[in-house]
Amino acid sequence: MAFLEVKDLYKNFGETAVLKGVSFAMERGEVVSVIGSSGNGKTTLLRCLNLLETADSGSISVDGETVFPLSKTKDKSDSAQQRLTFGMVFQNFNLFPQYTALQNVTLAMDVQAKKTLTSKNPFSPERRRALKELREKNEAEARQLLARVGLENKVDNYPCELSGGQQQRVAIARALALSPDILCFDEPTSALDPELTGEVLKVIKQLRNEGRTMIIVTHELEFARNVSDKIIFMADGVIEETGTPQELFDSPKSEKTRAFFEKLSEKVTEDDN
Amino acid sequence: MDKIQDILMELAEGFGYTFALFAVTLLFALPLGLLFAFASMSKFKPLKWFMKTLIWVIRGTPLMLQILFMSFLPRYVFQSTTKAWAAALSISINDMMFLFVVLAFVLNYACYFSEIYRAGIEAIPVGQYEAGKVLGLSKNQIFSKIVLMQVIRRILPPMSNEIITLVKDTSLAQVLGVVDLLNAAKHAVNHYVILTPFIYATIFYLLFNGLLTLLLGWAEKKLSYYKV
Chain S
2 MAFLEVKDLY KNFGETAVLK GVSFAMERGE VVSVIGSSGN GKTTLLRCLN LLETADSGSI
62 SVDGETVFPL SKTKDKSDSA QQRLTFGMVF QNFNLFPQYT ALQNVTLAMD VQAKKTLTSK
122 NPFSPERRRA LKELREKNEA EARQLLARVG LENKVDNYPC ELSGGQQQRV AIARALALSP
182 DILCFDEPTS ALDPELTGEV LKVIKQLRNE GRTMIIVTHE LEFARNVSDK IIFMADGVIE
242 ETGTPQELFD SPKSEKTRAF FEKLSEKVTE DDN
Chain V
44 MDKIQDILME LAEGFGYTFA LFAVTLLFAL PLGLLFAFAS MSKFKPLKWF MKTLIWVIRG
104 TPLMLQILFM SFLPRYVFQS TTKAWAAALS ISINDMMFLF VVLAFVLNYA CYFSEIYRAG
164 IEAIPVGQYE AGKVLGLSKN QIFSKIVLMQ VIRRILPPMS NEIITLVKDT SLAQVLGVVD
224 LLNAAKHAVN HYVILTPFIY ATIFYLLFNG LLTLLLGWAE KKLSYYKV
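Order-wise, the sequence lines are chains S and V. The first sequence begins at 2 in the numbering used here and counts up by one. The second sequence begins at 44 in the numbering used here and counts up by one.
Source of the hints: derived by calculation from the structure; they are not laboratory data. Be a bit skeptical, because a hint or two may be false.
[Claimed, not checked] Straight-line C-alpha distance at most 25 Å; calculated BS3-like pairs for lysine-lysine: (1) S:K155 with V:K188; (2) S:K115 with V:K182; (3) S:K155 with V:K91; (4) V:K188 with S:K116; (5) V:K176 with S:K116; (6) V:K91 with S:K133; (7) S:K121 with V:K176; (8) S:K116 with V:K91; (9) S:K138 with V:K176; (10) S:K8 with V:K91; (11) S:K115 with V:K176; (12) V:K182 with S:K121; (13) V:K188 with V:K265; (14) S:K138 with V:K188; (15) V:K188 with S:K121; (16) S:K155 with V:K182; (17) V:K188 with S:K115; (18) V:K211 with V:K91.
[What the hints assert, rightly or not] Residues from chain S that keep clear of chain V, each with C-beta distances beyond 10 Å, as calculated: (19) E31; (20) N51; (21) E66; (22) G88; (23) R136; (24) K138; (25) E142; (26) Q145; (27) R175; (28) K203; (29) I240.
Built from N, CA and C at the ideal position, the CB exists for glycine as well.
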């Protein structure tokens with residue numbers, strides 16, 4: 002059984018069918034890029050994985066454990082815990098504006114750390130001491146994470162003081178902080194000025210070299226080609242074609258895949274003119 | 044000279060009631076308004092419509108009418124008397140009247156505040172909630188750790204407006220005979236047959252609102268260390 006198994010995912014928004022039976026599998030340490038034109042269900046697929054959307058039917062399992070559908074007997078807090086299987090980096094960063102880069106990273110770490118405390122009495126001195134220790138540990142860890150994305154000098158800056166590329170790197174550090182099994186990127190460079198995409202892509206490449214399992218929804222085809230083990234091409238709510246970058250880019254089998262690439266190259270020539 | 048001192052003493056006493064009404068209204072209406080805001084955004088339709096109706100009635104009628112209505116509650120709704128209520132609470136009739144005024148003010152301001160809260164909450168981008176969710180935060184944690192601070196920052200300017208209006212609205216308490224600042228000034232004007240008490244009252248109001256403006260402006264500045 003593969004590390005991540007997605008089976009027959011369906012999702013409708015009202016009358017519109019967005020996912021029409023999506024199945025795929027990936028192994029630990031693999032990088033999968035999802036490509037395709039806008040409005041073909043790429044983002045919805047990602048959002049179904051980390052339960053921001055609830056799929057109408059189908060199943061998701063990670064490492065042999067069913068993540069979706071949630072069994073009815075489990076209580077609500079489980080869905081919050083299940084989400085941590087997947088890390089998520091958004092197109093628009095969604096950093097918390099009132100917190101510094103460092104606080105953005107430590108916020109969820111501290112919340113998780115609190116759950117591990119045995120004493121529930123908020124006034125007990127042992128609990129407060131333990132909490133303080135955990136916070137210090139989290140802060141040190143968060144500083145390291147921010148250094149890894151090249152922001153060791155920006156830890157105390159607020160998001161509004163950072164460029165888009167820097168904000169997205171903070172968002173990546175924030176997602177890494179909870180050490181998710183699978184890190185998801187939803188068009189991580191689409192909201193960035195062209196000259197800023199490089200620094201974000203560099204970080205993703207670096208994560209790949211560290212052996213992170215990642216799913217990347219992207220329009221950066223050149224990047225997808227370089228960084229992925231496998232490419233999924235989505236069209237019209239289904240996976241139209243999947244394969245290694247070489248297979249997909251150099252000898253696409255499906256008519257729709259070919260049409261997609263052709264349209265893109267037309268656009269490039271148009272831009273050149 | 045003694046006359047001025049007497050007048051100022053009377054006005055200070057009146058200001059005591061004005062300030063008490065102001066402070067108690069804020070103390071209760073601020074949290075109650077947040078509850079009202081949640082209720083008016085509730086997915087449970089009956090609660091939502093009840094709240095929307097209440098807000099419509101409160102915002103659609105004069106505050107003075109609401110104060111009078113409160114004082115009619117014992118007799119016309121509970122078939123009792125103000126006197127009996129005051130006795131039950133072992134307070135004086137005057138204090139009972141003050142309590143009616145406070146009730147009307149809290150309800151009225153909670154409704155106005157709730158609409159400001161609602162606007163503030165609805166202005167928070169959905170991405171903030173989603174970022175909280177994928178980080179494993181519960182609904183309550185998302186609200187308290189992420190949303191609330193951003194809401195406060197957004198609503199402070201319109202809240203400041205309401206708070207300053209509240210200072211002036213306190214003068215409506217006199218319809219139930221509460222001797223607030225303006226009522227005290229009126230008494231003094233009638234009693235001593237001079238107009239200066241009104242001028243003193245004006246100065247009281249202006250000083251108090253000036254202080255509030257400075258305080259709220261300072262808070263606004265404190266909170267604007269980041270951009271939303």
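Results for each hint:
A threshold of 25 Å between alpha carbons decides the hint, and for S:K155 with V:K188 the separation of about 22 Å falls inside it, so the pair holds. At most 25 Å may separate the alpha-carbon atoms for a hinted pair to count; S:K115 and V:K182 meet this at roughly 16 Å. Between the alpha carbons of S:K155 and V:K91 the distance comes to roughly 44 Å, so the proposed pair goes past 25 Å and is violated. Between V:K188 and S:K116 the CA atoms are separated by roughly 16 Å; this keeps the pair inside 25 Å, and the hint holds.
A threshold of 25 Å between alpha carbons decides the hint, and for V:K176 with S:K116 the separation of about 16 Å falls inside it, so the pair holds. Taken as a hint, the V:K91 and S:K133 pair is broken in the structure, with Cα atoms around 42 Å apart against an allowance of 25 Å. For the proposed pair S:K121 and V:K176, the alpha carbon gap of about 23 Å is at most 25 Å, so the pair holds. For the suggested pair S:K116 and V:K91, the alpha carbons sit about 34 Å apart, so the restraint of at most 25 Å is broken.
At roughly 23 Å between alpha-carbon atoms, S:K138 and V:K176 fall within 25 Å of each other, so this suggested pair holds. At most 25 Å may separate the alpha-carbon atoms for a hinted pair to count; S:K8 and V:K91 exceed this at roughly 39 Å. With a C-alpha separation of about 17 Å, the suggested pair S:K115 and V:K176 falls inside the 25 Å cut-off, and the hint holds. For the proposed pair V:K182 and S:K121, the alpha carbon gap of about 20 Å is at most 25 Å, so the pair holds.
Of the supplied pair hints, the one linking V:K188 and V:K265 holds, its CA atoms being roughly 18 Å apart against a limit of 25 Å. Pair hint S:K138 plus V:K188 holds up; C-alpha atoms about 20 Å apart against a cutoff of 25 Å. Only pairs whose Cα atoms come within 25 Å are accepted, and V:K188 paired with S:K121 is accepted, the gap being roughly 20 Å. Restraint check: the Cα-Cα separation between S:K155 and V:K182 comes to about 29 Å, which exceeds 25 Å; the hinted pair is violated.
Between V:K188 and S:K115 the alpha-carbon distance is near 14 Å, which keeps this suggested pair within the 25 Å criterion. Straight-line distance between C-alpha atoms of V:K211 and V:K91 comes to about 31 Å, which puts the hinted pair past the 25 Å bound. At roughly 21 Å, the least C-beta separation between S:E31 and chain V is larger than 10 Å, which holds for a residue marked as non-interface. The claim that S:N51 is not at the interface with chain V is violated, since a C-beta of that chain comes within 10 Å of its own (minimum 5 Å).
Against chain V, the non-interface label of S:E66 holds: every CB pair exceeds 10 Å, the least being about 16 Å. Its closest Cβ contact with chain V, about 7 Å, brings S:G88 to no more than 10 Å, contrary to its assignment away from the interface. Listed as outside the interface, S:R136 is consistent with that label: its C-beta sits roughly 14 Å from the nearest C-beta of chain V, beyond the 10 Å cut-off. Non-interface status of S:K138 relative to chain V is upheld: no Cβ of that chain comes within 10 Å, the nearest being about 18 Å off.
At the 10 Å boundary, the C-beta of S:E142 stays outside the reach of chain V, the nearest C-beta of that chain being 15 Å off. The Cβ of S:Q145 sits about 18 Å from the closest Cβ of chain V, beyond the 10 Å cut-off, so the non-interface label holds. Against chain V, the non-interface label of S:R175 is violated: not every CB pair exceeds 10 Å, the least being about 7 Å. Against the 10 Å criterion, S:K203 stays outside the reach of chain V, whose nearest CB is about 23 Å from its own CB.
Residue placement check: S:I240 keeps its beta carbon more than 10 Å from all beta carbons of chain V (closest about 23 Å).
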